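Take a look at the letters that make up each chain.
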Amino acid sequence: MTTRPYRRLQSTAALNRLMTAYYLRSRWIGRVRPMAWVTSGAPIEILEAMGIASVYPENYGALCGAQRVATDLCQVAEAEGFSQDLCSYARTSVGAVFAPDKAPMAGLPRPDLLIASNNICGTVVKWYQFLARHFGIPLFLLDVPYVHDDAPPERVLAYVEAQLREMIAWLEAHTHRRLNPHRLSQAVAYSNEAVRLWKEIRELCKARPSPLNAPDLFIAMAPIVVLRGTRWAPWYYRRLKREAQGRVARGEGAVVNERVRLLWDNIAIWPRLFAVFSQFIKRGACFVADTYTNAWAVSVGADDPIRGLALAYTTVYINQQIPNRARAMLDMVREYDIQGAVFHSNRSCKPYSFGQYDLRRILEREAGIPTLILEADMCDTRAFAEGPLATRIQAFMESLTQ
Amino acid sequence: MPDDKDALLARLRNAAELPPQRWASEYPARRPVAVFCSYVPEELIHAAGFTPVRIRKRPSRSGAWSEHLQSYACPLARSLLEQGADGDLRAFAGAVFAHSCDTMQALADIWRMRFADQFAWVVNVPTRLDGPHVADYLQRELAEFHAALERFAGNPIGDADLRASIGLYNRLRTLLARLDGLRDRMSNAEFYSAILAAQTMPKEDFIPIAEALIPKLEAAPPRVSRARVVVVGAILDDLTLPALADDLGLQIARDDLCTSARYLEGEATTDGPPLAALAARLLGRAPCPAKHREDWRRGPALMSLARTRQAQGMVFYLQKFCDPHAFDYADIRRDLEQADIPHIVLEDDAGPATAQWRTRLQAFAEMLGGTIP
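Sequence lines, in order, name chains A and B.
In our numbering, each residue's number is its place in the first sequence (first place is 1) plus 56.
In our numbering, each residue's number is its place in the second sequence (first place is 1) plus 683.
If we strip away everything but chain A, and leave its shape as in the complex, we get (with noise of 0.2 Å):
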């Protein structure tokens, strides 16, 4: 009798009542309250704590790339004159609001307002652009400085900080909601909540072996990015945390027969998510951490919350320095004692991407461990070939285990 090489969480039933629940409010939400469209590096506690409903173009972009309609998305906004070298998470989008009947659930319910941050990437101020003159909206723009140090400085948090009060005024004069410091301290609660149970989680996968993958906190990421600031993330969580903390304890891996460690770099290839990960399944290797889910573990200071918010969305990794970002994945490889790294070269995300070749050397210098560049795409299946990536990360596995 074979056994499976890999082990499903069945907390994900929580997870997918939680996200269908997530989707279906949001198709009558914006009847009640104000709907806006958010990126995900958003200070959503604000949002949460005026009462304004909010979406999220891009995990509705990964979404689609899952469900593998998104290169017929990006084909839509290509015939409007949307270049195909262009972010497909904005592609698809663009191709959903134009073709909403090609578009899972019709596209994202109708925004009153729009939220971008650039502090993930610059392509969101130029999608938000675009999103603004379509629907004739407003769209305030957080404008955080890239992080070119070792940490923020001052001029750069306080920046950040007077927006954040400055975003606060333009939602109300818009909303004509006003913000509650209770409701937000409540919302930064239960966004610090979610991240605490989220690195805890995460830390969970230093045990060997890893009761986790990362492809399952790709999936298990959804609520920590849209649903954050709600009592909803911490909810999930738990029951994630406690199915993890069981595996550990029956000493049971995600990948049953556990035999390689390796680091993940760069947002997932979402339409081939398990098919390029069971290459590496099926050689025993687990992915035990990633900088991708890693983003999301940055608390707010509870203190003073929007100082707080401040240095929290100045901070999330992709908005640092790449010497700091090689720090960061050092330490992962430390910690969680990571033989191998793979960096996923996204088409797609230029800010995540460009550097990598940089920190794939500081990495094998400095870690001395072995890594593997595979040339993909979050969503658009025509800007890579599976066969290739399979015989890559043969070659990959074949020089590991040896």
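Note that these hints are calculated values from the structure, not bench results.
Please read all numbers here as calculations on a predicted model, not as lab measurements.
To give a feel for the contact side, a few chain B residues facing chain A, derived at Cβ under 7 Å: (1) T786; (2) R811; (3) P1007; (4) A1009; (5) A1013; (6) D1014.
Virtual Cβ for every residue (Gly too), placed ideally from N, Cα, C.
With chain A's structure known, arrange chain B on it following the hints.
Relative to the frame of chain A, chain B by itself:
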């Protein structure tokens, strides 16, 4: 020095085409600093005693960029890195970036790791150009750059030094604006020679040439063109496109390029605090597509430009993998179609695709009508 018009124009052309690796031998008394973006406040570098020199891309030779960057990085970033790695900038005292797009942001990090022993600074120019807090932040950012330059140069930069540099750059921009008004008195290649030379020559050398040239151009008869176009894009690296337009009888009536209009626009005041004046200029000039200003709509601005300059068409000169311009193009394209303004896209990747561009530009010129004068 010979000061007939052709001799002056030839000097500008030589300066415009001077490769960075020959810069130091051409100007041995100067200390050049490489500038990678039009948002770099060159006045500060100048006031510190250096000569800012804008570095443009050139066709790849060694491919050394591929040690650090993927092939889907824009050709400008690839080329700048290659020029550094190939030693073309060996004689330069340092390099200065300004925050613009994701690619230049990554390049700045990579550059500072690769050339760790050299002075390299990133002026973290905000992405938002409006709002109540941006001017204060940018001034603080400029103050940091000011302090870094003082440390690097080993000399203080006083307000008087800085005001003198601002005055020099204002004079430069006034002259460039006058040259812009005389586009029809010279060929496109001559005009862009002057514009590019202004960014590579010491300003003290450029200004007297421009001052001598302008009266001669004013006295020259206007040239007749077949049609007038506006050129829109990021960086103009060389004279290939202007020369092609000359061959086809097209007059480039105006542009929206970072090595031209976006560089020469706007003056800083000399009577207030200098850093505030520099910040106000950077925030007030026509925004780069990587920036955001609530009231700024590039499509209508370009159409208005086309009307003012009596241009019949628009040429988008886009760098492959340049996201901000690619997004803008998708948006502006609709505006142009609605306004019935014809346009063409020329894409630049590994270097001038002269033959292909000629064919496409020729077809576009024929569509615009008129006869080659």
